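Participant: As a plain string of letters, each chain reads:
2 protein chains.
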Amino acid sequence: MGRRPHAQDFDAREHLLDVAVALFAERGIANTTVAQIAAASGVTSAMVHYWFQTREKLLDALVEERLAVAFDSIWEPVDAEHDDPLAMTQGIVRRMFDITGKMPWLPSLWLREVINEGGLLRERAFAHIPVQKVAGFGQNIARGRASGQLNAQLEPLLLFNSVLALVMLPQATAKIWQRLNPLASLDRATLERHVVALLTQGMSVAAATSAQVPTPSPLRPKRKPS
Amino acid sequence: MGRRPHAQDFDAREHLLDVAVALFAERGIANTTVAQIAAASGVTSAMVHYWFQTREKLLDALVEERLAVAFDSIWEPVDAEHDDPLAMTQGIVRRMFDITGKMPWLPSLWLREVINEGGLLRERAFAHIPVQKVAGFGQNIARGRASGQLNAQLEPLLLFNSVLALVMLPQATAKIWQRLNPLASLDRATLERHVVALLTQGMSVAAATSAQVPTPSPLRPKRKPS
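Protein chains in written order, with the numbering used here: chain H, 1 to 226; chain C, 1 to 226.
Rather than coming from a laboratory, the hints here were simulated on the basis of the structure. One thing to keep in mind: the hints can contain errors.
No copy is singled out in the list; a pair is fine if it fits within one copy or between any two copies.
[To be verified] Subject to a maximum C-alpha distance of 35 Å in a straight line, what follows is the list of computed DSBU-like cross-link-like pairs (lysine-lysine):
#1 175 / 57
#2 175 / 102
#3 133 / 175
#4 57 / 102
#5 133 / 57
A quick note: this is a predicted structure, and the numbers were derived from the prediction, not measured.
Build out the structure end to end from the sequences listed, making use of the hints.
Facilitator: What follows is the structure, encoded as structure tokens:
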């Protein structure tokens with residue numbers, strides 16, 4: 001108290017945040033006590049209180065120093081005014097995978113505590129969403145659709161929801177999905193290839209041979225691409 | 001007790017299940033008491049116990065008589081051995097929207113209590129997943145990919161996860177999504193058109209003009225479809 005903080009102190013604080021966020025993602029915030037965070041970090045509960053005072057302030061720190069950082073790293077490079085729609089979307093997907101690689105707890109925490117109603121980070125996280133950028137993304141897609149560059153059947157304001165769903169859900173539900181599909185590869189490279197392929201092709205204008213949504217008919221001949 | 005049940009009794013039981021599932025989806029199972037279910041149904045707690053004995057048996061009934069019915073209605077018509085991959089996928093998407101139309105509580109309950117780790121219906125629901133059909137779906141997609149009919153970059157064992165994500169996530173997160181995008185239309189027709197377009201086009205083989213995942217370059221000329 002009163003002394004100047006040492007680098008080591010910040011490491012201790014960072015470590016506490018890392019441990020807390022991993023426990024929150026694994027068990028849920030409501031099921032995790034300060035005593036458990038302290039025990040898992042190898043310190044006393046008093047030390048957790050020293051750094052974060054209250055549980056609420058710990059949650060504030062977590063959102064500001066982890067979730068908001070994740071949001072910024074995904075959205076900061078977006079120039080929705082000038083970016084090519086496909087390149088913009090691919091960049092967002094790539095940076096989402098980058099950040100979930102660095103923050104492997106993110107998909108679970110996002111599912112449990114951010115998008116889930118009653119999630120304890122919902123309001124706090126909402127305040128950090130770069131609303132202008134998200135709106136710009138939708139406008140960019142709308143322009144691409146209007147100019148004929150993108151699939152005319154897409155709904156511009158729903159596309160970012162689709163991106164989030166495709167990238168985050170398989171990671172957030174990896175355990176149960178792996179149980180259902182023991183042969184499924186959920187490594188980043190496979191998942192990213194799949195998501196990028198589905199979005200890139202799905203956003204593109206249909207080729208002449210697949211321009212219509214095919215009607216379900218067992219008689220439809222299977223054509224090889226020419 | 002001992003008397004023959006009347007049709008009216010079954011209506012009362014069905015009504016209790018409907019009320020319970022709506023409350024569970026809205027507040028979470030852990031946050032909903034039998035007394036609250038009784039009050040919202042206009043009956044006494046004793047009546048809830050009369051029909052379902054215990055809270056656990058109420059959850060069993062809910063999974064068997066609601067969730068399992070939903071799973072079956074989606075998967076029953078699938079003939080993974082013979083269906084065309086695109087038609088099969090489109091049929092699953094259409095039936096998912098049919099069932100979420102009839103069971104508007106389903107996406108929230110699915111997010112909260114089925115896929116969420118620690119969800120209280122997770123194990124019960126898992127037992128009702130038609131594992132053979134889901135595996136057959138993956139094999140069907142793999143055959144379509146191998147024969148050149150489908151996008152070669154797709155991962156067959158991840159595609160059903162993508163379908164689920166695209167259909168269920170926007171509905172499960174409709175409230176927060178609408179708050180972020182007040183102009184977004186989340187009505188069934190718009191959402192279904194968007195999802196079907198993204199999947200149908202995304203699963204198809206790329207046209208010559210969009211065969212490669214484009215490299216992000218601001219110099220890439222924007223081509224109108226010819």
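Participant: Each of the hints needs a verdict: does it hold here or not?
Facilitator: Against the structure, the hints:
Within a single copy, residue 175 and residue 57 get their C-alpha atoms as close as 31 Å, and across copies as close as 26 Å, so both meet the 35 Å cut-off. Taking the closest pair of Cα atoms, residue 175 and residue 102 come within 35 Å of each other both inside a single copy (19 Å) and across two copies (29 Å). In this assembly of identical chains, residue 133 and residue 175 lie within 35 Å of each other by CA distance both inside one copy and across copies; the values are 32 Å within and 20 Å between. In this assembly of identical chains, residue 57 and residue 102 lie within 35 Å of each other by CA distance solely inside one copy; the values are 23 Å within and 42 Å between copies.
In the homo-oligomer, the alpha carbons of residue 133 and residue 57 lie at most 35 Å apart inside one protomer (28 Å), although the nearest pairing across protomers, at 48 Å, exceeds that limit.
In this structure, none of the earlier numbered hints is contradicted; all agree with it.
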